[in-house]
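Chemist: Each chain, written out:
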Amino acid sequence: MTDAIAHRSVARLDTQKPKNGLVSRYWLLATLVFMVAVFAFLRPQLVDSSNIATILRSSALTAIMILGLTWVIAAGKIDVSFMHVAALGNMTTAYLLASGHGWLVAGLAGVSVGAIAGLFNGLLVAVMRLQPLIVTIATGGICASIAAALGKGTSIRIADPGPLGDFIFTNIGPVPVIAIAVAVLYALSWYAQEKLTFGHYIFATAQSEAAVDQAGVSVRNLLMLLFVFSGVMSALTGVLLAASLSSGQPMIGSSYFIDGLTAVLLGGMMLRIGKPNVLGTTTAILILAVLVSGSALLGWADYQRQIIKGILLLIGVTVAMRAVNGRQSQHPEAS
Amino acid sequence: MTRTFTLPAGSGRFLAFLLLVVLVAMAFTLAEPRFLSTQNMSAVTRHMAANGLAALGLTFVVIVRKFDLSFAGTACFAAMTIGYLIALGQPLWIAIPAGIVVGAAIGAFNGVVISYFRFPDIVTTIATGSIAAGLAFVYSNGRTIFQNFMSSGILDLNDARVFGYSLSFVFLLGLYAVAWFFMHRTRYGASFYATGENPVAAYYSGVPTRLYTMLAFVACGVTCVFAVLLILAESGTADTNEGANLLMPAYAGVFLGTALLGRTSVMATLAGTFLITMLLDGFSLLGIPFYYSDGVVSAILLAGVVFFDARLREFLSDIGSFLQPASVKKEKRS
Numbered sequence: 001m002t003d004a005i006a007h008r009s010v011a012r013l014d015t016q017k018p019k020n021g022l023v024s025r026y027w028l029l030a031t032l033v034f035m036v037a038v039f040a041f042l043r044p045q046l047v048d049s050s051n052i053a054t055i056l057r058s059s060a061l062t063a064i065m066i067l068g069l070t071w072v073i074a075a076g077k078i079d080v081s082f083m084h085v086a087a088l089g090n091m092t093t094a095y096l097l098a099s100g101h102g103w104l105v106a107g108l109a110g111v112s113v114g115a116i117a118g119l120f121n122g123l124l125v126a127v128m129r130l131q132p133l134i135v136t137i138a139t140g141g142i143c144a145s146i147a148a149a150l151g152k153g154t155s156i157r158i159a160d161p162g163p164l165g166d167f168i169f170t171n172i173g174p175v176p177v178i179a180i181a182v183a184v185l186y187a188l189s190w191y192a193q194e195k196l197t198f199g200h201y202i203f204a205t206a207q208s209e210a211a212v213d214q215a216g217v218s219v220r221n222l223l224m225l226l227f228v229f230s231g232v233m234s235a236l237t238g239v240l241l242a243a244s245l246s247s248g249q250p251m252i253g254s255s256y257f258i259d260g261l262t263a264v265l266l267g268g269m270m271l272r273i274g275k276p277n278v279l280g281t282t283t284a285i286l287i288l289a290v291l292v293s294g295s296a297l298l299g300w301a302d303y304q305r306q307i308i309k310g311i312l313l314l315i316g317v318t319v320a321m322r323a324v325n326g327r328q329s330q331h332p333e334a335s
Numbered sequence: 336m337t338r339t340f341t342l343p344a345g346s347g348r349f350l351a352f353l354l355l356v357v358l359v360a361m362a363f364t365l366a367e368p369r370f371l372s373t374q375n376m377s378a379v380t381r382h383m384a385a386n387g388l389a390a391l392g393l394t395f396v397v398i399v400r401k402f403d404l405s406f407a408g409t410a411c412f413a414a415m416t417i418g419y420l421i422a423l424g425q426p427l428w429i430a431i432p433a434g435i436v437v438g439a440a441i442g443a444f445n446g447v448v449i450s451y452f453r454f455p456d457i458v459t460t461i462a463t464g465s466i467a468a469g470l471a472f473v474y475s476n477g478r479t480i481f482q483n484f485m486s487s488g489i490l491d492l493n494d495a496r497v498f499g500y501s502l503s504f505v506f507l508l509g510l511y512a513v514a515w516f517f518m519h520r521t522r523y524g525a526s527f528y529a530t531g532e533n534p535v536a537a538y539y540s541g542v543p544t545r546l547y548t549m550l551a552f553v554a555c556g557v558t559c560v561f562a563v564l565l566i567l568a569e570s571g572t573a574d575t576n577e578g579a580n581l582l583m584p585a586y587a588g589v590f591l592g593t594a595l596l597g598r599t600s601v602m603a604t605l606a607g608t609f610l611i612t613m614l615l616d617g618f619s620l621l622g623i624p625f626y627y628s629d630g631v632v633s634a635i636l637l638a639g640v641v642f643f644d645a646r647l648r649e650f651l652s653d654i655g656s657f658l659q660p661a662s663v664k665k666e667k668r669s
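Going line by line, the protein sequences match chains A and B.
Per this note's numbering, residue 1 is the first one in the first sequence, and the count goes up by one each step.
Per this note's numbering, residue 336 is the first one in the second sequence, and the count goes up by one each step.
In case anyone wonders, no lab produced these hints; they're calculated from the structure.
There may be inaccurate statements among the hints.
[Claimed, not checked] From the derived model, a few chain A residues whose C-beta atoms are all more than 10 Å from chain B:
hint: 1; residue: 41
hint: 2; residue: 103
hint: 3; residue: 129
hint: 4; residue: 137
hint: 5; residue: 140
hint: 6; residue: 159
hint: 7; residue: 162
hint: 8; residue: 184
hint: 9; residue: 203
hint: 10; residue: 207
hint: 11; residue: 265
hint: 12; residue: 304
[Said to hold, decoys possible] DMTMM-like mimics (lysine to aspartate or glutamate), calculated; alpha carbons at most 25 Å apart, straight line:
hint: 13; chain 1: A; residue 1: 152; chain 2: B; residue 2: 616
hint: 14; chain 1: A; residue 1: 152; chain 2: B; residue 2: 653
hint: 15; chain 1: A; residue 1: 195; chain 2: A; residue 2: 209
hint: 16; chain 1: A; residue 1: 195; chain 2: A; residue 2: 213
None of these values were measured; they are calculated from a predicted model.
C-beta: ideal position from N, C-alpha, C; glycine also.
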């Protein structure tokens with residue numbers, strides 16, 4: 001019964017949605033194609049099979065990390081602790097490996113640490129109804145501190161990258177296995193987001209939590225689930241990074257902060273305008289990875305890339321604001 | 336007639352805050368007698384100055400119910416601008432105002448797009464902060480700037496003393512006094528609060544709400560330059576991540592203060608910043624490694640936000656009311 005109501009309301013919303021032109025729905029994809037074309041024209045090495053494998057591998061890791069974040073932001077909340085949760089998962093794994101445990105124990109411990117961090121975020125945001133930005137700034141700081149403390153402020157070397165290392169560096173043709181795994185994961189997520197009630201509830205929560213609660217869906221449990229999922233996915237990336245880098249890096253998080261948020265928010269400017277979604281996130285991650293790879297081939301400095309990323313994010317916001325012109329503006333804090 | 340006078344509103348919370356400060360100070364003094372030495376106290380006041388200045392601007396932004404995540408990047412860019420001008424041999428009276436103009440310009444950009452064009456605050460300030468942090472590398476390709484710092488006189492800002500206190504602390508108190516008067520004793524301050532509480536009602540009461548939102552971001556951009564100026568004077572070099580550590584303590588100061596004193600205000604931020612600086616300083620005196628400092632600040636912030644949460648307090652007072660002797664009637668205050 002409740003499901004039927006939710007379905008109908010979502011269906012009505014869909015018909016009311018202003019007809020966004022092809023341009024505003026797919027401009028991000030066009031940007032990706034355009035960027036690949038320009039960089040490949042200037043530096044043909046970009047489309048070498050080894051370079052493609054590198055781009056896909058780094059994109060795959062970022063994609064796992066921010067899959068949960070995409071839905072947290074889509075539900076109208078924000079999580080700025082994800083990169084520090086990844087660092088904590090990374091350092092936990094490295095620490096346990098260094099103290100003689102096997103990959104299975106270390107990896108599972110790394111992921112469960114992420115689940116605990118996510119549970120903690122969820123409790124504070126969903127149950128205690130505290131401001132998500134402040135809460136996740138604080139939990140992120142705590143996670144970063146613990147991660148640094150595990151390695152006494154420096155990195156931990158891992159002697160043997162183990163089976164995960166083999167998994168990450170195995171390619172089928174030019175395509176890394178992990179990229180295929182992530183593609184399958186994102187396809188499943190897309191199905192859950194678009195075809196199951198789960199996705200409808202996420203976007204409905206961003207619109208009105210009271211309405212979702214009235215419809216008989218527990219916003220509290222949904223947000224709890226999303227925050228735990230985000231924590232688990234971030235920590236899983238941390239574990240994979242430990243295998244990929246053969247070390248635990250306590251400061252690994254900071255490099256993912258701007259990239260992760262930029263990818264999710266830029267991705268929100270595609271398909272469902274103003275709403276983060278998994279396909280948009282995928283496209284945005286690829287854009288950022290191509291930008292990094294292409295600009296490195298052209299010899300641009302790191303800071304120039306950072307400026308371009310910031311400008312891309314601003315452009316993305318501007319496009320989204322134009323697309324929703326007339327509609328009430330929403331931002332993650334409007335809860 | 337037992338109550339011949341009533342204390343001003345909020346003084347209960349203020350007394351609780353003072354008690355907390357005394358308890359913390361006692362705990363640290365027991366663990367480490369050097370805590371109350373004049374040397375340490377002057378270190379506390381000096382550390383407090385930079386964090387307190389960054390938190391002051393953020394207070395304005397939080398009062399109009401927005402967030403600013405860009406000021407750390409802005410501070411880096413302004414620090415490198417000031418450093419670059421000093422290295423070129425420009426006098427301080429050109430270099431410092433130039434830095435302030437940079438901060439004000441970025442703040443104004445944030446303010447205009449967020450208030451007039453209704454851009455989402457968090458996303459926009461993350462983007463501008465990222466751009467500003469990138470621009471900080473432009474002057475020297477990321478190298479530390481130190482030329483002319485000794486001869487420019489900027490170090491005097493750090494060493495100068497007024498009535499036995501460092502100039503930076505006196506500057507902090509002076510700026511807070513001005514901000515307090517402005518926010519809590521003039522109608523302009525009331526307009527800031529009105530903009531945050533209910534922008535529609537404020538607008539129809541004749542408050543130019545968009546202008547006030549914009550000004551809050553400008554204030555945040557300017558005070559973070561003040562903060563990083565003190566850091567420049569202390570370190571004697573300009574580094575590209577000079578302002579990166581301002582973000583966490585500023586948020587902690589504002590929201591811990593809000594939790595302690597019940598609402599976001601200039602005094603609350605000062606109280607929150609003071610408590611955090613004292614705790615950080617105490618922990619570093621006890622020899623706790625540097626990498627715990629962010630965790631300590633985060634934990635304090637979280638504890639403050641959770642334990643002073645209105646719903647939890649209500650819940651606890653409900654529990655407390657179950658424990659009253661049944662014969663005594665107790666009037667319940669919310």
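Chemist: None of the hints should be skipped; say for each whether it holds.
Modeler: Now the hints, each set against the structure:
1. 41: Answer for residue 41/A: holds, closest chain B Cβ roughly 25 Å.
2. 103: holds (26 Å)
3. 129: Its Cβ does come within 10 Å of chain B, the nearest being 7 Å, so this is violated.
4. 137: violated (6 Å)
5. 140: Residue 140/A not clear of chain B: closest Cβ-Cβ about 7 Å, inside 10 Å.
6. 159: About 24 Å separates residue 159/A from the closest Cβ of chain B, which puts it past 10 Å; holds.
7. 162: Answer for residue 162/A: holds, closest chain B Cβ roughly 27 Å.
8. 184: At roughly 30 Å from the nearest Cβ of chain B, residue 184/A sits farther out than 10 Å, so the non-interface label holds.
9. 203: Since the minimum Cβ distance to chain B is about 16 Å, residue 203/A lies beyond 10 Å and the statement holds.
10. 207: Nearest chain B Cβ is 15 Å from residue 207/A, so the label holds.
11. 265: At roughly 5 Å from the nearest Cβ of chain B, residue 265/A sits no farther out than 10 Å, so the non-interface label is violated.
12. 304: With a cut-off of 10 Å, residue 304/A comes too close to chain B, as the shortest Cβ separation is near 7 Å.
13. 152/A / 616/B: Roughly 20 Å between the alpha carbons, so the hint for residue 152/A and residue 616/B holds.
14. 152/A / 653/B: Not OK: residue 152/A and residue 653/B at ~44 Å, beyond 25 Å, violated.
15. 195/A / 209/A: holds (21 Å)
16. 195/A / 213/A: Holds. Residue 195/A to residue 213/A sits at ~21 Å (cutoff 25 Å).
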